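Going down the list, the protein sequences come from chains A and B. In terms of my numbering, the first sequence is residues 13 to 357. In terms of my numbering, the second sequence is residues 66 to 324.
Take the hints with a grain of salt, since some may be wrong.
[Claimed, not checked] Calculated pairs, SDA-like style, for lysine to any residue (alpha carbon to alpha carbon, straight line, at most 25 Å):
| hint | chain 1 | residue 1 | chain 2 | residue 2 |
| --- | --- | --- | --- | --- |
| 1 | A | Lys-223 | B | Glu-195 |
| 2 | A | Lys-149 | B | Gly-188 |
| 3 | B | Lys-143 | B | Asn-104 |
| 4 | A | Lys-354 | B | Phe-127 |
| 5 | A | Lys-354 | B | Thr-214 |
| 6 | A | Lys-35 | B | Thr-152 |
| 7 | B | Lys-174 | A | Lys-149 |
| 8 | B | Lys-183 | A | Gln-42 |
| 9 | B | Lys-173 | A | Lys-354 |
| 10 | A | Lys-354 | B | Gln-219 |
| 11 | B | Lys-261 | B | Glu-71 |
| 12 | B | Lys-173 | B | Phe-231 |
| 13 | B | Lys-143 | B | Gly-105 |
| 14 | B | Lys-173 | A | Cys-213 |
| 15 | A | Lys-151 | B | Pro-275 |
| 16 | B | Lys-143 | B | His-194 |
| 17 | A | Lys-151 | B | Phe-79 |
| 18 | B | Lys-314 | B | Val-295 |
| 19 | B | Lys-261 | B | Pro-68 |
| 20 | B | Lys-191 | A | Trp-227 |
| 21 | B | Lys-183 | A | Gly-242 |
| 22 | A | Lys-223 | B | His-194 |
| 23 | B | Lys-297 | B | Arg-263 |
| 24 | B | Lys-297 | B | Lys-143 |
| 25 | B | Lys-196 | B | Asp-140 |
| 26 | B | Lys-196 | A | Leu-138 |
| 27 | B | Lys-143 | A | Gln-42 |
| 28 | A | Lys-149 | B | Ile-139 |
| 29 | B | Lys-183 | A | Lys-354 |
| 30 | B | Lys-191 | A | Thr-43 |
| 31 | B | Lys-191 | A | Thr-225 |
| 32 | B | Lys-315 | B | His-272 |
| 33 | B | Lys-183 | A | Leu-214 |
| 34 | B | Lys-183 | A | Gly-64 |
| 35 | A | Lys-149 | A | Leu-138 |
| 36 | A | Lys-223 | B | Gly-175 |
| 37 | A | Lys-223 | B | Lys-174 |
[Stated by the list, open to error] Have a look at the derived ranges for each label pair, beta carbon to beta carbon:
| hint | chain 1 | residue 1 | chain 2 | residue 2 | range |
| --- | --- | --- | --- | --- | --- |
| 38 | A | Ala-167 | B | Ser-137 | 35 to 43 Å |
| 39 | B | Asp-300 | A | Asn-30 | 30 to 38 Å |
| 40 | A | Pro-70 | B | Glu-213 | 42 to 50 Å |
Rather than coming from a laboratory, the hints here were simulated on the basis of the structure. Just so it is clear, the structure is predicted and the values come from calculations on it, not from any experiment. Virtual Cβ for every residue (Gly too), placed ideally from N, Cα, C.
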Amino acid sequence: MVANATDETHSEVESDHNGIIRKFHHLLHQTPALVPLIVLSLSIMVFGLLLGSKFFSPFALTLILQQVQIVGIVGAAQTLVILTAGIDLSVGAIMVFSSVIMGQFTFRYGLPPSVAVACGLLCGSLIGCINGWLVAKMKLPPFIVTLGMWQIALAANFLYSANETIRSQDIAAEAPLLQLFGTKFNIGGAVFTVGVIFMVCLVLFLAYVLKHTAWGRHVYAVGDDREAAGLSGVNVNFTLVSVYTIAGLICAFAGWALIGRIGSVSPTSGQLANIESITAVVIGGISLFGGRGSILGMFFGALIVGVFSLGLRLMGADAQWTYLLIGTLIIVAVALDQWIRKVAS
Amino acid sequence: MEPILEARGLVKRFGRVTALDNCDFELYPGEILGVIGDNGAGKSTLIKSLSGAEIPDEGEVFLEGEAVNFSSPIDARKAGIETVYQTLAMSPALAIADNMFMGREIRKKGLIGQLFRKLDHSGMQKIAHEKLTDLGIMTIQNINQAVETLSGGQRQGVAVARAAAFGSKVIIMDEPTAALGVKESRRVLDLILDVKSRGIPIILISHNMPHVFEVSDRIHVHRLGRRLCVIKPDDFSMSDAVAFMTGAKKPPSEFVGTA
Numbered sequence: 013m014v015a016n017a018t019d020e021t022h023s024e025v026e027s028d029h030n031g032i033i034r035k036f037h038h039l040l041h042q043t044p045a046l047v048p049l050i051v052l053s054l055s056i057m058v059f060g061l062l063l064g065s066k067f068f069s070p071f072a073l074t075l076i077l078q079q080v081q082i083v084g085i086v087g088a089a090q091t092l093v094i095l096t097a098g099i100d101l102s103v104g105a106i107m108v109f110s111s112v113i114m115g116q117f118t119f120r121y122g123l124p125p126s127v128a129v130a131c132g133l134l135c136g137s138l139i140g141c142i143n144g145w146l147v148a149k150m151k152l153p154p155f156i157v158t159l160g161m162w163q164i165a166l167a168a169n170f171l172y173s174a175n176e177t178i179r180s181q182d183i184a185a186e187a188p189l190l191q192l193f194g195t196k197f198n199i200g201g202a203v204f205t206v207g208v209i210f211m212v213c214l215v216l217f218l219a220y221v222l223k224h225t226a227w228g229r230h231v232y233a234v235g236d237d238r239e240a241a242g243l244s245g246v247n248v249n250f251t252l253v254s255v256y257t258i259a260g261l262i263c264a265f266a267g268w269a270l271i272g273r274i275g276s277v278s279p280t281s282g283q284l285a286n287i288e289s290i291t292a293v294v295i296g297g298i299s300l301f302g303g304r305g306s307i308l309g310m311f312f313g314a315l316i317v318g319v320f321s322l323g324l325r326l327m328g329a330d331a332q333w334t335y336l337l338i339g340t341l342i343i344v345a346v347a348l349d350q351w352i353r354k355v356a357s
Numbered sequence: 066m067e068p069i070l071e072a073r074g075l076v077k078r079f080g081r082v083t084a085l086d087n088c089d090f091e092l093y094p095g096e097i098l099g100v101i102g103d104n105g106a107g108k109s110t111l112i113k114s115l116s117g118a119e120i121p122d123e124g125e126v127f128l129e130g131e132a133v134n135f136s137s138p139i140d141a142r143k144a145g146i147e148t149v150y151q152t153l154a155m156s157p158a159l160a161i162a163d164n165m166f167m168g169r170e171i172r173k174k175g176l177i178g179q180l181f182r183k184l185d186h187s188g189m190q191k192i193a194h195e196k197l198t199d200l201g202i203m204t205i206q207n208i209n210q211a212v213e214t215l216s217g218g219q220r221q222g223v224a225v226a227r228a229a230a231f232g233s234k235v236i237i238m239d240e241p242t243a244a245l246g247v248k249e250s251r252r253v254l255d256l257i258l259d260v261k262s263r264g265i266p267i268i269l270i271s272h273n274m275p276h277v278f279e280v281s282d283r284i285h286v287h288r289l290g291r292r293l294c295v296i297k298p299d300d301f302s303m304s305d306a307v308a309f310m311t312g313a314k315k316p317p318s319e320f321v322g323t324a
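With the rest of the complex left out, here is chain A (with noise of 0.2 Å):
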């Protein structure tokens, strides 16, 4: 009877205690923005009594912003395709070349800026687009598509610019439309700049698509399973298309906001950008097999890597103590991926 007692008790606490981790799991489950979230807000709040003022004040937090504003950018487009279960190696070639066009456009062929940057936003479209009908009718691999391209894009790049890089003060005097992203405005110690506004409506634009117009529901499905998909009605081949030419689109605002962000265009610019937006969508909680996630997650993925960055080199840390750590929350990002999607049963 004693011994049933204990166990009953026992029986009970255990499946409290379950309960609570289904719960957890079932919010994680609704909201996969939450942990990136709360990594967000802890590490802000951790940099913030270590280093106080230094880096809690509307300068440091704002400048954390224009340091993202660019992977902030091109994560987005990062994640349209990853949630379509793709990946995106040629995000960073895309901008840079898109940039290039802007540039030399305008100082090669004596362009009006605005022609020149409608030009080189044709151009990333373009380049996205002839991804999209790879992936979609060609049926390859996204991973090998974009590999391919990275690398045309590149050299492209290289040839075109001969690898040439046009000065700041040159575009300053003749183009500044190039630079507009590099617009700063400063409210009461807090500095913005038009890069940083663009980055933020974008993020907030395509959370609306992405959840509430019948497009962004596709891309979630296809993501998910693309065959269930295309039976249940969904045109997935334009889906797929129109994501990657999107993709495409948004990272030559993002070559645009590079100009604006560095002054100059530079050909080697912006040869990290497809490692480190991949890294803000996996911090941000999005899966990499396609169909979950939020983009707002990748914004916060973003702020997690600049608030880790600033925050150690304010502290005076050996700059590879930022990958170290980021390294480990990537691997700690994809294992708790793995487990929400595990479904209890």
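Could you slot chain B onto chain A? The hints should help.
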């Protein structure tokens, strides 16, 4: 009575294999037609030809007496033929309502819907809830729950509800009980009978003889790419049906060819 869905002389070849060899088919209004046949007899090719997933090389398909040419399952769906696939064709990570309206979402009325293309989430959830309650499968607490959190039977229920909600003329069910346990199969069979009682004819493809014999009005026996015979479950035993299917026994000549 006119058949609602009819096929005449369907031929489908895959290279040297003839999957359909001059095959005929009829489905009458308000009935459940079981389709049985050995593996490789061509029954799934027949079903795919009817649901638009395959395009037959020869022959014609008629829906309510009119010739139709489906080039995709979406075409067939638009014409009122819904298919519940064996794989269920649902996105596991998405919610029940999302899945039920996948590919035919409802947008909000007015400017928000037209200009911003905003979906009417609450409207779709309400309809999904109604349809599931209608079919008595509203043991599901939350319509926003992801499909992967449902049991096999519940998933099948959602897939059937989706077909019943939109399939105005014909519902095709491919092995609906294959992955289910005894209790869950029971519920799905009841669901099939319930859908039938609403006047929607059903084509039921299954390997499970007791299930086919229990719910079917007529049984189409498929063998070697064509219809061998159509029998009534009351006239023959299950072992007879298996014998016809495998060629161990010849069906009486009056049943061969036609209904």
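Hint by hint, here is what the structure shows:
1. A distance of roughly 23 Å separates the Cα atoms of A/Lys-223 and B/Glu-195; the hinted pair therefore holds under the 25 Å criterion.
2. For the proposed pair A/Lys-149 and B/Gly-188, the alpha carbon gap of about 35 Å is over 25 Å, so the pair is violated.
3. Distance check on the hinted pair: B/Lys-143 and B/Asn-104 sit about 30 Å apart at the alpha-carbon level, beyond 25 Å; violated.
4. Between A/Lys-354 and B/Phe-127, the direct Cα distance comes to roughly 45 Å. Violation of the 25 Å bound is thereby established for this hinted pair.
5. At roughly 10 Å between alpha-carbon atoms, A/Lys-354 and B/Thr-214 fall within 25 Å of each other, so this suggested pair holds.
6. Our distance criterion of 25 Å between C-alpha atoms is broken by A/Lys-35 and B/Thr-152, whose separation comes to about 29 Å.
7. Straight-line distance between C-alpha atoms of B/Lys-174 and A/Lys-149 comes to about 35 Å, which puts the hinted pair past the 25 Å bound.
8. Between the alpha carbons of B/Lys-183 and A/Gln-42 the distance comes to roughly 20 Å, so the proposed pair stays at or under 25 Å and holds.
9. For the proposed pair B/Lys-173 and A/Lys-354, the alpha carbon gap of about 34 Å is over 25 Å, so the pair is violated.
10. Using a Cα cut-off of 25 Å, the hinted pair A/Lys-354 and B/Gln-219 holds, with the two alpha carbons roughly 18 Å apart.
11. For the suggested pair B/Lys-261 and B/Glu-71, the alpha carbons sit about 19 Å apart, so the restraint of at most 25 Å is met.
12. Of the pairs offered as hints, the one joining B/Lys-173 and B/Phe-231 holds, with about 20 Å between alpha carbons and a cut-off of 25 Å not exceeded.
13. With a C-alpha separation of about 29 Å, the suggested pairing of B/Lys-143 with B/Gly-105 is violated against the 25 Å cut-off.
14. With a CA separation close to 23 Å, the supplied pair B/Lys-173 and A/Cys-213 stays within the 25 Å bound.
15. Our distance criterion of 25 Å between C-alpha atoms is broken by A/Lys-151 and B/Pro-275, whose separation comes to about 42 Å.
16. A hinted pair counts as satisfied when its Cα atoms are at most 25 Å apart, and B/Lys-143 with B/His-194 qualifies at roughly 23 Å.
17. Using a Cα cut-off of 25 Å, the hinted pair A/Lys-151 and B/Phe-79 holds, with the two alpha carbons roughly 22 Å apart.
18. Restraint check: the Cα-Cα separation between B/Lys-314 and B/Val-295 comes to about 15 Å, which is no more than 25 Å; the hinted pair holds.
19. The hinted pair formed by B/Lys-261 and B/Pro-68 meets the criterion: a straight-line CA distance of about 16 Å does not exceed 25 Å.
20. Restraint check for B/Lys-191 and A/Trp-227: satisfied, since their Cα atoms lie roughly 21 Å apart, inside the 25 Å limit.
21. Under the criterion of a C-alpha separation no larger than 25 Å, the hint pairing B/Lys-183 with A/Gly-242 is consistent with the structure, at around 22 Å.
22. A hinted pair counts as satisfied when its Cα atoms are at most 25 Å apart, and A/Lys-223 with B/His-194 qualifies at roughly 20 Å.
23. Taken as a hint, the B/Lys-297 and B/Arg-263 pair is honoured in the structure, with Cα atoms around 22 Å apart against an allowance of 25 Å.
24. The suggested pairing of B/Lys-297 with B/Lys-143 is violated, with an alpha-carbon distance near 31 Å, which exceeds 25 Å.
25. This hinted pair checks out: B/Lys-196 and B/Asp-140 have alpha carbons roughly 23 Å apart, not beyond 25 Å.
26. Taking the CA atoms of B/Lys-196 and A/Leu-138, the gap is near 44 Å; set against the 25 Å cutoff, the hint is violated.
27. Taking the CA atoms of B/Lys-143 and A/Gln-42, the gap is about 33 Å. The hint is violated against a cut of 25 Å.
28. Taken as a hint, the A/Lys-149 and B/Ile-139 pair is honoured in the structure, with Cα atoms around 18 Å apart against an allowance of 25 Å.
29. A C-alpha spacing of about 31 Å is found between B/Lys-183 and A/Lys-354, which places the hinted pair above 25 Å, so the restraint is violated.
30. A hinted pair counts as satisfied when its Cα atoms are at most 25 Å apart, and B/Lys-191 with A/Thr-43 qualifies at roughly 22 Å.
31. About 18 Å separates the Cα atoms of B/Lys-191 and A/Thr-225, which keeps this hinted pair within 25 Å; it holds.
32. A distance of roughly 20 Å separates the Cα atoms of B/Lys-315 and B/His-272; the hinted pair therefore holds under the 25 Å criterion.
33. Between B/Lys-183 and A/Leu-214 the CA atoms are separated by roughly 17 Å; this keeps the pair inside 25 Å, and the hint holds.
34. With a C-alpha separation of about 44 Å, the suggested pairing of B/Lys-183 with A/Gly-64 is violated against the 25 Å cut-off.
35. The straight-line distance between the Cα atoms of A/Lys-149 and A/Leu-138 is roughly 16 Å, inside the 25 Å bound, and the hint therefore holds.
36. Of the supplied pair hints, the one linking A/Lys-223 and B/Gly-175 holds, its CA atoms being roughly 19 Å apart against a limit of 25 Å.
37. Among the hinted pairs, A/Lys-223 with B/Lys-174 is consistent with the structure: their alpha-carbon atoms are about 17 Å apart, no more than 25 Å.
38. Distance hint check for A/Ala-167 and B/Ser-137: the Cβ-Cβ separation is about 40 Å, which falls inside the suggested range of 35 to 43 Å.
39. B/Asp-300 and A/Asn-30 have their C-beta atoms about 54 Å apart, which leaves the hinted 30 to 38 Å range violated.
40. A beta carbon spacing of about 44 Å between A/Pro-70 and B/Glu-213 agrees with the range 42 to 50 Å that was offered as a hint.
Comparing the model with each numbered hint stated earlier shows that hints 2, 3, 4, 6, 7, 9, 13, 15, 24, 26, 27, 29, 34 and 39 do not hold.
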